[in-house]
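**Student:** Numbering (UniProt numbering) for the sequence shown: 1 to 409.
Mixed in with the good hints there might be a few duds.
[As the list claims (entries may be wrong)] Straight line, CA to CA, 30 Å or less: simulated BS3-like cross-link-like pairs of lysine-lysine: (1) K180 x K119; (2) K119 x K387; (3) K198 x K180; (4) K103 x K39; (5) K214 x K193; (6) K39 x K119; (7) K95 x K119; (8) K198 x K214; (9) K180 x K193; (10) K119 x K103; (11) K180 x K214; (12) K95 x K39.
Hint data in this document are derived by calculation from the structure and do not stem from the laboratory. Remember, predicted model here, so these are calculated numbers, not experimental data.
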Amino acid sequence: MSVRVLVVDDDAAVRDAVVQTLELADLEPLTASSFVAAKDHITPDFDGVILSDMRMPGRDGFHLLQYALAQDTDLPVILLTGQGDIPMAVDAMAKGAFGFLEKPCAPADLLATVERGLKTRALVLENRRLRALVQSGDAAERMLFGQSELAQSLRARARQLAAVETQVLVQGAPGTGVSKVAEVVHLCSARSKAPFVKRASAGMEPETLREAVKEAQDGSLFIDEISQLPAATQMTLAGALESGLRCRLIAGSTQDLQAAVESGLLNADLYYGVAMMPVRIPSLSERPEDIPVLFRHYVEQAAEQAGLGVPEISSEHLAALMAQDWPGNARSLMSAAMRFVLGMPEDVAKATELGLSEQLARVERALLIAALGRQNGHASAAATALKLPRKTFYDKLARYGIRAEDYRR
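Given these sequences and hints, build the entire structure.
**Tutor:** Encoded structure:
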């Protein structure tokens with residue numbers, strides 16, 4: 001979410017006081033003494049809110065409001081009014097102002113209104129971004145959420161595999177979204193207009209497999225938990241791969257397939273036929289910085305499904321979420337989001353009882369482990385990625401009992 005606030009006021013003392021209040025709240029004020037000075041900042045892609053005095057020499061706050069809404073009808077404009085300007089401010093609200101505050105304004109009231117405007121603006125811009133992605137057809141960006149390096153790498157890998165006409169193996173821990181990544185690979189490929197057929201492995205007979213292959217002709221066939229295919233069906237599929245399929249096979253698994261081959265549970269020819277182009281989905285414990293992004297998305301989805309408004313998510317709640325391990329990964333986080341929307345956020349109750357310092361310690365530990373995982377256990381590289389002095393990084397590892405070598409693959 002952006003933290004930018006455009007402050008427009010010809011009174012330097014008032015402007016400075018507002019700026020100080022915003023800066024103390026870790027917001028980023030931009031200042032202008034008039035409409036003319038502010039005009040260049042007021043564009044459809046401005047990602048913050050506008051806070052403007054009503055009465056200014058020349059073009060007043062009402063004119064600024066009209067100009068801003070002409071640029072973008074969803075730009076939040078908050079007006080600062082003197083007591084005599086309240087009827088004018090009420091009229092401005094009717095014509096699209098986000099809100100108005102009477103001067104002198106208490107800092108708490110100012111910050112509450114500004115932060116509400118920032119969240120509204122962030123939601124508007126995110127919805128626009130998602131609509132643009134739908135129109136652009138980038139399924140990887142549209143369906144695989146997260147801003148971490150690991151999330152970006154996953155999207156890039158899905159696009160890369162989509163461009164080649166080989167079989168694909170999608171692997172990840174339970175709940176990471178194996179079938180979703182498989183669908184993204186299909187949707188990003190030249191086969192996207194053809195069928196995407198999903199089948200579970202358990203109990204699938206050879207004839208059922210042949211029917212699925214026929215149904216997926218010219219498209220993609222996703223077989224989940226491929227190591228659970230019956231032995232006869234494994235042999236049938238391995239033979240079909242060797243002779244050539246008229247569809248693309250995307251195999252999914254939450255298990256160690258190399259171990260399954262060694263134990264005789266998985267046909268070696270089938271394994272090597274699908275493992276040429278693998279993609280691994282990182283678990284939430286490897287990328288805790290993505291948890292707030294994912295949770296907000298799941299809360300919006302859950303609220304829409306339940307027909308309810310989107311509830312406010314506090315920073316303390318997000319910190320508590322980041323402090324948890326989430327062995328069920330995205331699936332568990334989705335369930336937590338639904339319970340949160342329904343007013344039953346018990347998932348974080350235990351974490352929030354720990355106190356702020358303990359929660360922050362858990363988040364810090366998770367971020368250290370995630371950095372080590374991304375850098376293949378190389379502590380110096382992980383310290384650089386986190387912008388920490390090496391000594392500080394090693395001190396933190398020692399404090400949390402983390403061994404860098406445990407994260408080498």
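**Student:** Would you mind marking each hint as holding or not holding in the structure?
**Tutor:** These are the hints, each one checked on the structure:
Taking the CA atoms of K180 and K119, the gap is near 29 Å; set against the 30 Å cutoff, the hint holds. Distance hint between K119 and K387 is fulfilled; the C-alpha atoms sit about 29 Å from each other, no more than 30 Å. Between K198 and K180 the alpha-carbon distance is near 11 Å, which keeps this suggested pair within the 30 Å criterion. For the suggested pair K103 and K39, the alpha carbons sit about 23 Å apart, so the restraint of at most 30 Å is met.
This hinted pair checks out: K214 and K193 have alpha carbons roughly 16 Å apart, not beyond 30 Å. A threshold of 30 Å between alpha carbons decides the hint, and for K39 with K119 the separation of about 23 Å falls inside it, so the pair holds. Pair hint K95 plus K119 holds up; C-alpha atoms about 21 Å apart against a cutoff of 30 Å. Distance check on the hinted pair: K198 and K214 sit about 13 Å apart at the alpha-carbon level, within 30 Å; holds.
The hinted pair formed by K180 and K193 meets the criterion: a straight-line CA distance of about 17 Å does not exceed 30 Å. Between K119 and K103 the CA atoms are separated by roughly 23 Å; this keeps the pair inside 30 Å, and the hint holds. At roughly 22 Å between alpha-carbon atoms, K180 and K214 fall within 30 Å of each other, so this suggested pair holds. The hinted pair formed by K95 and K39 meets the criterion: a straight-line CA distance of about 19 Å does not exceed 30 Å.
In summary, this structure violates none of the numbered hints.
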